[in-house]
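With the hints as constraints, model all of the structure from the sequences given.
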Amino acid sequence: MNKRKRLVLTGLIMASFLFVVPVFGASSEPPASILIDSLSYLYNGVNFDHEQHLEVTNDCSVCHHHCFGNGAENEQCAKCHANSNGTSSVACGDCHIQKPFTVQHIREMEANPKRYHLDMVGLKAAYHLRCLNCHVEMDAPTGCVDCHERTDTGNQFYHSGDYAPIGGGAGKVHE
Amino acid sequence: MRRISRRGFFKVTAAGSSALAISSTKKAFGMKEFKGYPDSMGVLVDLTRCIGCRTCEAACNKEHGLPEPEIPFDDFSVFDQVFHDGKRKRRTSDSAYTVVNRYDDTSSGAPVYRKIQCNHCNEPACLTSCFVNAYTKTKEGAVIYNPDVCVGCRMCMVACPFRIPAYSYHSALHPQIIKCNFCYDTRLKKGKPPACVEACPQEALTFGHRKTLIKIAHERIRSDPDKYVDHVYGETEVGGTSWMYLSSVPFDQVGFDTSLQHHPILDNTKSFLGFVPMVLGIWPAMFMGFHLLSTRGKEETEKKVSENK
Numbered sequence: 031m032n033k034r035k036r037l038v039l040t041g042l043i044m045a046s047f048l049f050v051v052p053v054f055g056a057s058s059e060p061p062a063s064i065l066i067d068s069l070s071y072l073y074n075g076v077n078f079d080h081e082q083h084l085e086v087t088n089d090c091s092v093c094h095h096h097c098f099g100n101g102a103e104n105e106q107c108a109k110c111h112a113n114s115n116g117t118s119s120v121a122c123g124d125c126h127i128q129k130p131f132t133v134q135h136i137r138e139m140e141a142n143p144k145r146y147h148l149d150m151v152g153l154k155a156a157y158h159l160r161c162l163n164c165h166v167e168m169d170a171p172t173g174c175v176d177c178h179e180r181t182d183t184g185n186q187f188y189h190s191g192d193y194a195p196i197g198g199g200a201g202k203v204h205e
Numbered sequence: 013m014r015r016i017s018r019r020g021f022f023k024v025t026a027a028g029s030s031a032l033a034i035s036s037t038k039k040a041f042g043m044k045e046f047k048g049y050p051d052s053m054g055v056l057v058d059l060t061r062c063i064g065c066r067t068c069e070a071a072c073n074k075e076h077g078l079p080e081p082e083i084p085f086d087d088f089s090v091f092d093q094v095f096h097d098g099k100r101k102r103r104t105s106d107s108a109y110t111v112v113n114r115y116d117d118t119s120s121g122a123p124v125y126r127k128i129q130c131n132h133c134n135e136p137a138c139l140t141s142c143f144v145n146a147y148t149k150t151k152e153g154a155v156i157y158n159p160d161v162c163v164g165c166r167m168c169m170v171a172c173p174f175r176i177p178a179y180s181y182h183s184a185l186h187p188q189i190i191k192c193n194f195c196y197d198t199r200l201k202k203g204k205p206p207a208c209v210e211a212c213p214q215e216a217l218t219f220g221h222r223k224t225l226i227k228i229a230h231e232r233i234r235s236d237p238d239k240y241v242d243h244v245y246g247e248t249e250v251g252g253t254s255w256m257y258l259s260s261v262p263f264d265q266v267g268f269d270t271s272l273q274h275h276p277i278l279d280n281t282k283s284f285l286g287f288v289p290m291v292l293g294i295w296p297a298m299f300m301g302f303h304l305l306s307t308r309g310k311e312e313t314e315k316k317v318s319e320n321k
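Protein sequences, first through last, are from chains A and B.
If you want the working numbering, it's the 1-based position in the first sequence plus 30.
If you want the working numbering, it's the 1-based position in the second sequence plus 12.
Don't take every hint at face value.
[Claimed, not checked] Among the chain A residues that face chain B by a calculated CB cut under 7 Å, a handful are:
no.	residue
1	151
2	154
3	190
What the hints contain is simulated information worked out from the structure, not anything from laboratory work.
Backbone N, C-alpha and C define an ideal beta-carbon position, used for all residues, glycine too.
Set out below in structure tokens:
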């Protein structure tokens, strides 16, 4: 019973995080931290210290492009977005979708031949490309488990930890 | 002067027109080009994004139920493995459809990682070399293999310009060719991306229509010309492949064969092979015609000569 209660509570807390980003995106106060866990599978979620990263970059557009309406960091983007208005949401997952390679999404992207952003990465890549590239530049941690713990499923997947192959030559199958 | 009979005239005309037919057929066979299926899918591999995490290898292993690896997929010591006196890095095998290799001596200074697997050619050399038709190029772009008809000649292994097909030599009873199948049965034909693409954390692998990927690739080069080499490997190599590559360092520095021809391997033999059935079908009749023409009069004269004797 106790376990179930805890599960429900955890669920509620997790669900509440879904609303964290949009709420703060609309207001002027940036969130102190964000739990990034919508993609948790092989790895646990990341408790992202938003405040600390904001202190380091001191510029929202480094990660949020032009979404606040304060110009774009990238020259290429600035050509169109230097003076564009802020977007209705600044949450990564509202533009970078979780499954970028579904038939439906590919069709949607190709439906308008004049579409400029044909090459928009999905959410997982948006996180990793942004985080990792910067971490390499800033000499911050770059190992997978430096940011997120591997789950048991992850260990099974990588044949690592408790699931590591025993001794050499375990990979050979003989019939 | 010898008069040409009616029958003789027809013979000569027939022989002449068949000779013409041969030459025109040869031309037609030589010219025929296959530009790939219009809705073929593909994958664009961006080497600048790959971090060598080997998640694609693990995903492939899981998807296809391949044997347990000798060392874990999060063990990066595999990148130091070299074979043939250090000349060759890891290759695809009967227990791995795909492997990632690290190249340290590149002009960028930083290590560059490169994933290898079947490139799913538009006109695959493995397919054309197979005399039992074990290979199929599907309209979705995958090059798949049917072990039930394979006789194990391994000609495809010799024919592949990328050295991809492996063979399960360990199996005494049911040996077969083993190679990446673009997750055809489990994913591609259901409209899903391959397992490696879905697993990649960096989207170093972009899945989509081959036509669109070519556009995306050139757009990436155009918008960041300092970052990329101005070439999409696989756009034209061996007539085009479904898997294509972008790189920040010259392709030959990261294990790509840059000496490959830019038309299908099949083209080297196509015009000749197209000619063979014509030769077998028409030449016997044609030369028989010539023979009859040249000997017909002779027989009659020989008869007359012998009668006169």
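Are any of the numbered hints broken by this structure? If so, which, sorted upward? Result: no hint breaks.
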